[in-house]
Amino acid sequence: MLSSFPRKQAGVGLIEILVTLLILAVGFLGMAALQANALRLGHSAYVRTQASVLAYDIIDRIRANPTVAQGGGYDIAIGDSGSDVDTCEAAACNTATLATYDKQQWLFLLQSQLPKGDGTVSVAGGRVTVTVQWDESRGQAAQTLATETVEALL
Numbered sequence: 001m002l003s004s005f006p007r008k009q010a011g012v013g014l015i016e017i018l019v020t021l022l023i024l025a026v027g028f029l030g031m032a033a034l035q036a037n038a039l040r041l042g043h044s045a046y047v048r049t050q051a052s053v054l055a056y057d058i059i060d061r062i063r064a065n066p067t068v069a070q071g072g073g074y075d076i077a078i079g080d081s082g083s084d085v086d087t088c089e090a091a092a093c094n095t096a097t098l099a100t101y102d103k104q105q106w107l108f109l110l111q112s113q114l115p116k117g118d119g120t121v122s123v124a125g126g127r128v129t130v131t132v133q134w135d136e137s138r139g140q141a142a143q144t145l146a147t148e149t150v151e152a153l154l
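Just so we're aligned, residue 1 is where the sequence shown starts under the UniProt record's numbering, counting upward by one.
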């Protein structure tokens, strides 16, 4: 009489190891995607904070020179490059020259600290409206403009 013991199964351990490796690989890919997304969103938050700081920077400059601001001396449109003016840090400037210098410095800061940074400033009726815009695409094919608008009283 033949014994009816089952034969040993071969290769089961290898399949279990392959399934485990597949699960680990999917987990590591998920963690890498999560890290990449966190870096992208962290940079986006940093740039938005810089835009807000720059908006309040020009508002502070305007509040220091309200007479010229009321006359439109601080108004800036999208695409303005600013006028060349000698520095007001070492030499004495009148209020109109100071406004031109402030605009030039602010536009330089926008362009140097934000990706494709630009902005507008409008002063009307004692109210200042500052809009800062920048490119938020981060290497994507389509350009995405983000904006930060701040309103304040003189």
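To be clear, the hints were calculated from the coordinates, so they are not data collected in a lab. Treat the hints loosely; a few may be bogus.
[As the list claims (entries may be wrong)] Pair by pair, the computed Cβ-Cβ distance ranges are: (1) A96 with Q35: 26 to 32 Å; (2) T144 with A92: 42 to 48 Å; (3) H43 with G13: 19 to 25 Å; (4) A38 with P66: 29 to 35 Å; (5) T144 with Q35: 44 to 50 Å; (6) A38 with P115: 15 to 21 Å; (7) T144 with L14: 46 to 52 Å; (8) Q35 with D60: 35 to 41 Å; (9) G30 with A91: 56 to 62 Å.
Beta carbons are placed, not taken as given, at the ideal position from N, Cα and C, and that holds for glycine.
Hint check results:
1. A96 with Q35: 26 to 32 Å: violated (51 Å)
2. T144 with A92: 42 to 48 Å: The hinted range 42 to 48 Å holds for T144 and A92, with Cβ atoms some 44 Å apart.
3. H43 with G13: 19 to 25 Å: Taking Cβ atoms as reference, H43 and G13 lie about 46 Å apart, which means the hint is violated.
4. A38 with P66: 29 to 35 Å: violated (43 Å)
5. T144 with Q35: 44 to 50 Å: violated (22 Å)
6. A38 with P115: 15 to 21 Å: 19 Å Cβ-Cβ, so the 15 to 21 Å window holds.
7. T144 with L14: 46 to 52 Å: With a Cβ separation near 48 Å, T144 and L14 satisfy 46 to 52 Å, so the hint holds.
8. Q35 with D60: 35 to 41 Å: holds (37 Å)
9. G30 with A91: 56 to 62 Å: Between G30 and A91, where Cβ atoms are some 59 Å apart, the hint holds.
Of the numbered hints stated above, those contradicted by the structure are hints 1, 3, 4 and 5, listed in ascending order.
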